[in-house]
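The residues making up each chain are set out below.
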Amino acid sequence: MPIKEVQTTCAYCGAGCQILFKADPENNKILEAVPAKGRTNDGTLCLKGHYGWDYINDPQILTKRLKKPLIRRGGKGAPLEEATWDEAISYTAGRLSEIKKKYGPDSIMCTGSARGPGNEANYVMQKFARAAIGTNNVDHCARI
Amino acid sequence: MNGFVQGDPLLCIGCRTCTIACVVAHEGKRIYEIDPDGYDFHPRLKVIKTWAVSVPVQCKHCENPACKAVCRSEAIRIEDGRVLIDRQKCIGCKSCTEACPFGAVHMVPLGFELNPDGSRRSVAHKCDLCNGLEDGPACLRVCPTEALRLVERDDLEAILDNKRKNVLVAASSPELRNRPTVC
Amino acid sequence: MSNGVHEIEDAKLLFVFGYNGADSHPIVARRIVRAKRKGAQIICIDPRRIETARIADLHLQLRNGSNLALVNSIAQVIIEEGLCDDKFIAEHSHGFDEFKELCKKYTPEAVTDITQIHPDDIRKAARMYATSGQSMILYGMGVCQFAQAVNVVKGLANLAIMTGNFGRWGVGIGPVRGQNNVQGACDMGALPNSYPGYQNVTVPEIQAKFEKAWGVPLSNKAGIPLTQVPHYVLHEPEEKKIRAYYVFGEDPAQSDPDLAEVRESLEKIELVILQDIYMNKTGQYADVVLPSTGWNEHEGVYSCCDRGFQRIRKVIDPPADADVLYDWDIISRISTSMGYPMKYSNTEEIWNEVIDLCPSFVGATYEKLEKYGNIQWPCRSKDMSDTGTSFLHKDGKFANPDGKAKFSSIDWQPPTELENDEFPLIFSTNREVGHYSVRTMSGNCRLLRNLEDEPGWIQMNPELCEELRVKHGELVKVISKRGHCITRCLPTDRVKKQAVYMTYQWWIGACNELTNAALDPISNTPEYKYCACRVEKIKDQIWAEKYLREEYAKIRQDMGIATKKKGGKAA
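Chains as they are written, first to last, in my numbering: chain A, 640 to 783; chain B, 14 to 196; chain C, 32 to 602.
Pulled out of the complex, with its shape left as it was, chain A reads as follows (with noise of 0.2 Å):
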């Protein structure tokens, strides 16, 4: 079985860990966690970056992976739904032209994402909350 090597930084804590996965790409698997040779971490790990990321597979232990778009099609109190993301993008982007235009931008809160993400999309959030809808009303979750 041919064998994919990836480094990447550890997505729990603020210490920067470099981790090199081992996955299997014919299965699209992760199958290890090594610690790799970073500034903070000088090769070593927490139990956090040697077992933290089978999550990712989806293994139905306290929530459920987000696969499709959702939309709550009767309102308030109704079911999720799933639906395209075409129309996910045009009743998200249509409420809010909406909501802009009857209270104005102040009336939206964007956040961005102190987790897994990444700064480019933290940086495309805050330009979407600025550019695109015109209010500074854009935070995180930094406090917690």
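Source of the hints: derived by calculation from the structure; they are not laboratory data.
Be a bit skeptical, because a hint or two may be false.
Below, simulated DSBU-like cross-link-like pairs (lysine-lysine); rule was C-alpha separation at most 30 Å, straight line [stated by the list, open to error]:
#1 B:K59 / A:K676
#2 A:K703 / C:K585
#3 C:K136 / A:K661
#4 C:K512 / C:K135
#5 C:K345 / A:K676
#6 C:K512 / C:K568
#7 A:K715 / C:K528
#8 A:K706 / C:K512
#9 C:K243 / A:K740
Selected chain C positions facing chain A (in silico; Cβ < 8 Å) [what the hints assert, rightly or not]:
#10 A216
#11 V260
#12 H262
#13 L265
#14 S286
#15 T378
#16 L579
Values in this document were obtained by computation on a predicted structure and should not be read as measured data.
Don't be surprised by glycine CBs; every beta carbon is placed ideally from N, CA and C.
Based on the hints, put chains B and C in the right spot on chain A.
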């Protein structure tokens, strides 16, 4: 001499990476592939935290093991410098858990092995120094602060020599104390 | 952090304040252990006997909520005993005279009732810190999660300025940031008052720069902090209310204080958008859910706690049956659909736009991140020879217009909600080493779940346990003015009798039902580390265990997990 894993409370930060490593080493990496309830999570060491100390407690692989002496079913043996329990022979009488002065032997319910009558098996369980497993002991390999080490005959002698030296140096007069020691 | 993580082990003295690295960042705690091994002295200031306290030369087990009284008192001793770095103060700071005046009343004797620390120990700590020659401060949430937080940070900075412990290797002041990319979210301007690169939204020249880059007029009014959303939904007049909430990669219905209030506000917001990889509590209120790729499924850059940019890389594809998109792609599509087109083909393209707008990041190209692995900003030149900055404030130059550090003269103030007859104990949150944040990641990992699971623990002093007649492992009820939850009793003499501690990872043992949403006026951080509570024994443990199992099953059902067999486990 039997080897054993020794923890240094001045280095241990109580993170329990060792605890999980123990299970992964013994259950295998299949864990990541199977049903999350499809394996037993029974670490063979336990991190104990008191006011003064944090450190994993595990079997010392005694030279004259009390657990072995009290075992009525001959389930405990010494082999290749380690004290081992034969799960198949264990009758679950708990005598070894009482006899062990360190609390290093405990009882675990087996999720996937049954008695002949279909009832659930509980057996004595402890560190086996990753017997037969690659790159063991796993606990010390993953420890991020290098708080664990495998002590074998030569190491023990070196540790003792150091201790002997330190005691003598401490007892010497100041002018002698500051001279470099020569082994 | 003003200094790099790798510098910690070279300090001669570590002053660790309200920071429990062993549980929050084991790999940073490793550096503390190594520093000790290399001969550093350690002062640990924490109300609990944490791991660092065990190896410390001096542990000041202060009373919860007395931080600034202690910090000012340490400064008082440094001044009183002539241990200041007068040259550094004269050349690189201002405001010292006023600060000196303030400190006069903070003698160790004067604060001993507030801090519960013996005056001799305060003096000892002050002498050790001021005279080591290379002292580094590390602090964590034990400083930040109070209504008086930023001012304590300023107080700690006072100590570093007055002793010249800034701008060199192995000194400085280090807020060890908690989440993996909290530094990055701040760096990227996911903040109500700044554009990427800490460029203030109220400064006209900066506004003009971003207006030119983005081609639209921008608002110069600072936005609303996240922690004030419930207030803006529930208590502000109609024209100021928040109507739509785009929640991205977080779960306020689990992580924010006073959850009852958070739930009420989520119910009232007209439009809740959730963009995440897992269903979570906030998702229960979402009108639309946008599924994205997770860590290891996308490329990008994270910023670690010491300003270090590092690449994250795609290891695998999302599962074949997952119709998910990159986070930036989802947002770009919505933006385009709203009439502001955004189109990027990869993260490097976005990153290049970021760094060109941020003078402090301009040199941190993907090329250099590939080559060097890690670049700490500031990195101001694209030239390959600029590899970033390990420590800030070199040669005593600070980021103020005059280049000088400013002393802050601020009085200690007590926490917001104090103990009383009904709620006689101090309640504080802390961290579970094997779990992370709201647990949608670590709670879905097999082995981390095996190590610790619902409903978590409450750390209680054994004497308190005895008084309440509760034992190790027993389920207990914890109650504050705002709510209650159930958790397991963990007797430990590492905590004092006056305070109890719970981690916020648990959904049944959800301690944010209890916490107080009092905020620091500058950082808007909630007072997670102090409110009043009581612990009650549950007489019917059989009922409690059953309740726990049923609640857990219900949560899993709500979170979309099909009821399933117990994995072939023997009955």
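Status of each hint after checking the structure:
1. B:K59 / A:K676: holds, 29 Å
2. A:K703 / C:K585: Status holds; Cα separation ~13 Å.
3. C:K136 / A:K661: Given pair K136 of chain C, K661 of chain A is violated - Cα atoms ~60 Å apart, limit 30 Å.
4. C:K512 / C:K135: The hint is violated at about 38 Å.
5. C:K345 / A:K676: Holds, at about 19 Å.
6. C:K512 / C:K568: holds, 18 Å
7. A:K715 / C:K528: violated, 46 Å
8. A:K706 / C:K512: Violated, because 39 Å separates the two Cα atoms, which is more than 30 Å.
9. C:K243 / A:K740: It holds: about 24 Å lies between the C-alpha atoms, which stays within 30 Å.
10. A216: Constraint on A216 of chain C satisfied, holds at 4 Å.
11. V260: holds, 6 Å
12. H262: Because about 12 Å separates H262 of chain C from the closest Cβ in chain A, which is outside the 8 Å limit, the hint is violated.
13. L265: violated, 14 Å
14. S286: Holds, about 5 Å.
15. T378: With Cβ-Cβ at 4 Å, under 8 Å, it holds.
16. L579: violated, 15 Å
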